[in-house]
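One line per chain: the protein sequences are A and B, in this order. For the first sequence, my numbering begins at 1 and goes up steadily by one. For the second sequence, my numbering begins at 1 and goes up steadily by one.
If you're looking for bench data, these hints aren't it; they were derived computationally from the structure. Positions of the beta carbon are idealized from the N, C-alpha and C atoms, including for glycine. Worth double-checking, as some hints may not be accurate.
[Said to hold, decoys possible] Selected chain A positions facing chain B (Cβ under 10 Å, derived; list incomplete):
1. 89
2. 92
3. 119
4. 120
5. 121
6. 149
7. 151
8. 154
9. 158
10. 203
11. 206
12. 210
13. 215
14. 232
Number of protein chains: 2
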Amino acid sequence: MKFVKSLHLKKFRQKYDIFVVEGDKMAREMLAQSAVAIEQVYAVEAWATTHAGLLRERSDLELVIVTERELSQMSSLTTPNQVLAVAHKPNWEWPSLPHFTRALYLDGIQDPGNMGTILRIADWFGIPFVFCSDTSVDVFNSKVIQASMGAFLRVNTVEIELAVLLERYAGLPVLGAFMEGLNAFDHSWPEKGILVIGSEGEGISANNLPLINERVTIPKGNPNGAESLNAAVATGILCAAWARVNYE
Amino acid sequence: MKFVKSLHLKKFRQKYDIFVVEGDKMAREMLAQSAVAIEQVYAVEAWATTHAGLLRERSDLELVIVTERELSQMSSLTTPNQVLAVAHKPNWEWPSLPHFTRALYLDGIQDPGNMGTILRIADWFGIPFVFCSDTSVDVFNSKVIQASMGAFLRVNTVEIELAVLLERYAGLPVLGAFMEGLNAFDHSWPEKGILVIGSEGEGISANNLPLINERVTIPKGNPNGAESLNAAVATGILCAAWARVNYE
C-alpha cells in the first residue's frame, strides 16, 4: 500500500513505469482495454462482487480486497471511491518518419485539467501523438487521467525535449500557437507536422522559439475583449482548423 | 461580514443584485473598470497601502481594513488572499432586435471552470450576450468569476428560459451543438443568431430541442476516439467557426 501511495509521485511512476487509476468508471474502462497490462486491482468487497465477471476475464491481474479505510489511505482523491488499479504504462513505439502524421508538443502545460482536456482533443481529432516538455504536468498524474476521460489510453504520449524530437524527425513542419501569426483559418496547414502549444502565462519557451517554422494565431473578434483564451480551448480551435485539411 | 459571507449563495446575490470578487488580481481589475459600481473593499492594511492610489480614484466605495483572519472568515477560497470587493452586478440593457448580434445560450453548464472559460471565449470572439438556463451555474459564483479572467465584466449575461428569450427575439436563427448535425466548418452560419450549448453529460434539454432550427456538429477525426469534447472546448471551436463568417 505504501508502494501504491508512492505512485502519486511522478518520480516513482517513472522509475517503475506504472501508474494508478482511481474510481469505478476509470477502473472499468481500464479493465475493458485488453491492451493495458494491469498489475493489481484494489477494491472493496462490494465492488469486486458486482464486477466479478469483468475481473474474471483478466487473468493477468491480482485482485486485492481492501476496506474503505485502506483504500482511502492509498488514494489521492478526497472523496471516497471503491476501487483503484495499478497498471503498466501503455507501450510506446516510435513511428518511422514516413508513418509520422500529426502531433502536439505541449510546452509547459501545468494545469492537470487542461492537460487531460488536451489529450481528449487529440483523441477526438485523431492526432495520435502528444509530446510534452518536462515543465508540463505528468500525463499519468491522476487528475490528468480523470480529465482525459480515457483518452490517455489511446493517445501516445512521451516526455521529450522538442530539439531532441526534431533530431529524430528532421524536416517535419513545426507550427506554433502565438498571439500574433497567420490566421489559423486561412493558413494552409501541412498534412503532417508538429503543433507546439505554450503555457497560458508564458507562451512557448525561449529555448523552443527558434525551432518554430510557422506561427499561427486565432483571430480575436473583439479588440477590447479577453487577453487570451484558455490553453485547452486554444488547442481545440487550432486542432479543428488543422483537421479541416482532412475534411476537405 | 455575515452579509458578505451570505453572498457566496446565489439566492442572496440575486436578492441584492450584488456579488463578491476575491483576490488581488480580480480586485485590481474591478477597481480599474469605472463602469462597475463597487460598494465595499475589504482589504488587509498592507494591500490598502500598496494600492492607495487605485483606491483614491474611486470615490464611490467604502474601504474597510480587516485582519487576515477576518478576511478568511468572509472568503470562499481556501488559500489566503488580501482583498475582497463587493460590487453591483453590471447593468444589463436588452438590445432591440435590430441591434441583436450573436449570443450563446448555455443549457445546463454546471462546472464553474467551464462557465468561466466560456465567458472568456465569448469575450475573445466578440459575442456580446451569454444567456443561461436556471440549471446552469450562476455567472456570479466566485469560481466562475475567477475562471472568466474578467470576461464576466465585459460580456452581458442573464438567466432566462430559452422559450422566453425567443418570444422577445422572434425570428432569430437558433443553432444547437449536437453530436450529429451539419459540419460546423462547412455550415453557412448566420450573421445573427443564438447558439445553444448543452451540458456534457445530458446535451441540450428536452424542453429546448423543439426550439432549435439548425443542428451543428464538430466532425470527429478518429472514429474510435473520445466520445465527446469538453463543453468549453466544443463552445470555443463552434464560436471560432461562427466567427469565420466575419473574417471572410
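Each hint tested on the structure:
no.: 1; hint: 89; in the structure: violated, 20 Å
no.: 2; hint: 92; in the structure: violated, 18 Å
no.: 3; hint: 119; in the structure: holds, 8 Å
no.: 4; hint: 120; in the structure: holds, 5 Å
no.: 5; hint: 121; in the structure: holds, 6 Å
no.: 6; hint: 149; in the structure: holds, 6 Å
no.: 7; hint: 151; in the structure: holds, 5 Å
no.: 8; hint: 154; in the structure: holds, 7 Å
no.: 9; hint: 158; in the structure: violated, 19 Å
no.: 10; hint: 203; in the structure: violated, 16 Å
no.: 11; hint: 206; in the structure: violated, 24 Å
no.: 12; hint: 210; in the structure: violated, 28 Å
no.: 13; hint: 215; in the structure: violated, 17 Å
no.: 14; hint: 232; in the structure: holds, 6 Å
Checked against the numbered hints above, the structure breaks hints 1, 2, 9, 10, 11, 12 and 13 and satisfies the rest.
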